[in-house]
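Asks: Dock the two chains into a complex; use the hints.
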Amino acid sequence: MEKLLEEFSLGLFFWQAVLFIALVFLLKKFAWKPILDSVNDREEGIKRALDSAEKAKLEMQNLQADNEKLIKEARAEREAMLKEARDIKNKMIDDAKEEAREEAGKLIAQAQASIETEKKAAITELKSQVANLSIEIAEKVVRDELSNKDKQVKLVESMLGEATLN
Amino acid sequence: MRRKISLKPITLLLLLITFVSYGAEGGSSSESGTDKETEIKEYIQHHLQDSYDFTLFSWTTDSGEHKYFGFPLPVIIWDNGLKVFSSSKFHHGEAVAEVGGNYYKVHHSKIYKVDGLNGEIIEDADHHATNEKPLDFSITKNVTMIMMVFLIMFFMFKKMASAYQKNRNLPKGMGRLLEPIVLYIRDDIARPNIGEKNYKRYMSYLLTVFFFVWIVNLFGLTPIGMNVTNNIAVTFCLAIITYLITTFTAKKDYWKHIFWMPGVPVPMKIILAPIELLGTFIKPFSLMIRLYANITAGHIVMMSLIGMMFIFKNWIGTPLSFALAFVIGILELLVAALQAYIFTMLSALYFGSAVEEHDHEAH
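Protein chains in written order, with this note's numbering: chain E, 1 to 166; chain S, 1 to 363.
Think about it this way: if two alpha-carbon atoms lie no more than 30 Å apart in a straight line, the pair counts; the simulated BS3-like pairs of lysine-lysine are:
(1) S/K251 <-> E/K29
(2) S/K256 <-> S/K269
(3) S/K166 <-> E/K29
(4) S/K159 <-> E/K29
(5) E/K140 <-> E/K151
(6) E/K28 <-> S/K283
(7) S/K158 <-> S/K172
(8) E/K3 <-> S/K83
Honestly, the hints are just simulated from the structure, not real lab data. Just so you know, these numbers come straight off a predicted model, no measurement behind them.
Okay, chain S solo, but in the shape it has when bound (with noise of 0.2 Å):
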């Protein structure tokens, strides 16, 4: 009971902080007319973007010029040898960076290849930049992010483990609030799942995917403005990730269901298995879509609220907005743990059907 009371003014501060920081960024766009409507489309699209600097807001001077509060972070690509160097060469996308003798130019977050000083980004006829592209190891707004929680990760889960150890086995300070949730993970999702003799091993990556996909899903909610999780590249290796695990620990049992099921006729057999093959490839690869597409999604109609609020500019449509991304936030505080859970249990489910052990007269 304590501890719901205690997480009240935590939760309320994340939605205020949410709403500050969407504010803000929606406060920028404030251009006349139609513009508007297209300018808040693309500020949401920027949004969601990763960036080559950690850009906390921006707004436009009246002179028209763009300001930016933040700081650049490093580039790192390689085109015929390592390059690094700062972002704010690019000034913010909206100039040519030479880099020993090479030109590159930042069109929609990518970093293209260009002729010189003045070199123009050529598009195709599907607006696909047709420019090289360098191999882009940059440390982005979302690699930042990525570190940032590995540090907090680390030092928050490293702190509770010595305070067991110095605590005569028991929780402290936030281990108390985080053990029920460990636990939860251990009783709830991988052992009932997993099953009691071998969920030992996957309880290292099923804690870490879990905490890791919930608290990057709670930073994109506070102003620091970013989403991890709405980049495919992140969830595609989360997603590899538990394929990979799957594949490698899995029993004889596993693979004899995929490619010759028993208990069923021998045409049965053949047509089953490459259904069963596939079937190991969709489910990691419903895991990326899932989390990638309702984050994404949570964010797109989050920032349309709020940029509803500037198209409609009347007492009735300006405070409904408000109400409607009011209730959306809360929603999305929701969503950020629920995704973590469902991501952490099918997980779960299918290390369960790797090393389970099927009772073949059942069949």
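Excised from the complex, chain E in its bound form (with noise of 0.2 Å):
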């Protein structure tokens, strides 16, 4: 300790003092300062641009999501528009066939209606025709008949005869 007393040197003391305070303050100022700043903001930029990856494949993802969400809304519209336009398709058919089918029927009767028109008035100019036809006939078969007296006679006999009296 004496030893460690008797080598103790003021000067020294007082140098060193002076020396170091000066360097802790102008290494302060001039070096660890703006190194350890620099660190600092290295270090910040890397972990903020890391974070920015992180967020930017979540980012990804969302709209990975959102895309595959899109792309199934897409194609389940499609679908809903197929079916949609298959359903209209069969109902227009259904429709067409109806109607079809319901002209069909009107035409049909309508020409029902007009042969039973014509078919009657055919009927009647047959029947007519006939009615002539006859009469001509009978003109004839009775000019004939009446051509000898005997006929005319029972003729008129046999129509005496069905022509009862009441």
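Replies: In structure tokens form, the structure reads like this:
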């Protein structure tokens, strides 16, 4: 201890104190602060970059999910549209068929009606023609019959026989 | 990995330089007989002491004349007025310097006032000089070294800092080597010991003290042959700065734990208070002694082993001493960094205890 005290040099202590404290403050201003700030900035930068990368990845995932959802939706929509179209088609066909059937029915009915009238007209004509013919025939027959007196008498008699008096 | 490889040649170079320097210093002592042992002893003593001129090496000519290679440094003393003169006036401690009518002589690396040109140092029974000592603020060898380290550190770290600005916050050149160390001090010394909240305030001191002690220790192993940290004044200065920072940044909790320890019975509190108070002084004191003793011991062992080469002078002892000195040299390189680390680490620990916020439930 005594040796240490003897060795102690005030001058050296003074210079060491002055120089060392000056060094601490000088380095603080010119070296440590800028160095530590730079290192901090860099570390922050790396952290930020990592964070933003993570965020970007998440966003990407979200985007992908969105895309998938959109695709799914679009597919569903297409499906729905196709289905609707198919339904409409079927309905239209059905409607057309129905209409056609109705139309056809109507036409048939009309045709039948006209056939009926034609038929009736034809029958009437036929009847009149038959009547005329019969009359002509009858005339001819009668003329022929009546050319013979006997026959006229016979006829009158048969007719009279038929036409019984009421 | 790259860094490791590139460091190796530097390490080897430093080691070699160390041996060359120690060898050169040891080589100057070449006198015969048992004198050699005392001479080596004195040489080691001399090496450990501060000096007023910057001598790189010295030798003795055949005619017994001492030759020195180096340059003188300014001597600044306060003795009824400021006196500044060149240390060449002392002629390496062999002559009395006359300045403004006063006479000064160097004795055991300290300046004493003597009566006249032929004045002698008067010693008491314990070999202590009784002469008057003027206030001495000389730029000694160690002060020169501190100034050199000051300049080296200032420009080195300033350059490193400006490289960050130019290079988008990335280190360049020397910064690549130093940045891991800076980050180590921040992340493994300051942060865990002081705490996330307060560590920033202490970073400047911790970084400066680490690099200062380390660089100064490394210079101690070079041929310049000086060892600033084996001066008690230097380690005392560093330790007292740590003590002052601890004391002046301490929070209420710190003082409470010293003077009125919570969670123990009152009689214990009274007993604990002086012990705790003493502890605050012992902590920096241990810092001072640890650094001083480790570096001093390292230099003594190193120089003794080299000195032994010249005492043995045979084919077994000399190579053995050399091998031992080589191993110790490697160890000293480790110690240089280790002591810087320990000083920084313990300082951080003390700062941590000063700003710690205790959880009183835990006691």
